[in-house]
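Protein sequence lines, in the order shown, are assigned to chains U and C. Residues 1 to 114 in my numbering are what the first sequence lists, from first letter to last. Residues 1001 to 1113 in my numbering are what the second sequence lists, from first letter to last.
Note that these hints are calculated values from the structure, not bench results. No experiment lies behind these values; they were computed from the predicted model shown. Even for Gly, the Cβ is constructed at its ideal location relative to N, Cα and C.
Calculated pairs, DSS-like style, for lysine-lysine (alpha carbon to alpha carbon, straight line, at most 27 Å):
1) Lys1042(C) <-> Lys49(U)
2) Lys49(U) <-> Lys68(U)
3) Lys1042(C) <-> Lys1078(C)
4) Lys1057(C) <-> Lys1083(C)
5) Lys49(U) <-> Lys1057(C)
6) Lys1078(C) <-> Lys1057(C)
7) Lys1057(C) <-> Lys1042(C)
8) Lys1042(C) <-> Lys1083(C)
9) Lys61(U) <-> Lys1042(C)
10) Lys49(U) <-> Lys61(U)
11) Lys68(U) <-> Lys1042(C)
Pulled from the structure, derived: some chain C residues nowhere near chain U, Cβ distances all over 10 Å:
12) Thr1013
13) Gln1014
14) Ile1020
15) Asp1062
16) Gln1064
17) Arg1069
18) Ser1073
19) Val1113
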Amino acid sequence: AQSVTQPDIHITVSEGASLELRCNYSYGATPYLFWYVQSPGQGLQLLLKYFSGDTLVQGIKGFEAEFKRSQSSFNLRKPSVHWSDAAEYFCAVGAPDSSYKLIFGSGTRLLVRP
Amino acid sequence: EPEVTQTPSHQVTQMGQEVILRCVPISNHLYFYWYRQILGQKVEFLVSFYNNEISEKSEIFDDQFSVERPDGSNFTLKIRSTKLEDSAMYFCASSDRRLAEAFFGQGTRLTVV
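Chain C with its partners taken away, still in its complex shape:
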């Protein structure tokens, strides 16, 4: 069964450092998403990406965040200067149509110290 793959599974970084979270979406999917879940809280939408551009972003997704699809398979989330409050589980998801069934990866747990 096809799946979304995220690496690394856990990353610890110092405050102020840049991090890149990586995702390999399902190969024939066209829509890509990042969500995050702060410990004990609900899953929150960050950004959606379609046709090589951001289609929608939330208020959380400020100038410190960026996304990229550098080649035909990877989808990355970059946080330029991490803050303590960026500590969360970050989920990548993909779907073949807008708002169709989104397949989620296992997540990357980001810990900012």
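Next comes chain U alone, as it looks inside the complex:
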């Protein structure tokens, strides 16, 4: 069965600093991978997704993520964080050959220092 680990519960960065949020997955083949963002009291918004092809994917709001098969990782990055990026970020994995569901990680809460 697939699983997702987000090892950092909280991360605090200064505005303008770079950001990397970690995500590791467990799945026997190449999964579908997603990053979602949830602002307080809001729903989930898709930042980016990886299905196949180029392992570096670009998303909305200046985010990107890199799929590394050898490390079973799909880390989210942003070169310069804005105060409005403060939110909770969820990595999710789907099993394209066997399932309809997404398995979510436990989330990383991003705090941005002025």
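Given the structure of chain U, go ahead and fit chain C onto it with the hints provided.
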């Protein structure tokens, strides 16, 4: 931009009562989902629905839960006899293909007292 709409945004119900959570998925989507998020916890899959039937459900989705697409636009989640532990944010989502980008609604916060 098309969006998934959920109503109500917040519902308070007494333990043992039935609740129906409503969702209007994006109009050309074919796959529909319910997820829930207990406060402070991860988002959990409940059920997926395709071609007018359940395609997959989780262990959480027991006999107290049911889903329905009563017409061409609505997608509902019914909890027959609510328990305190059903208190959570419930998210509806839809996609045009299996495991394609799922668009989530804003959620319904269910509080069981």
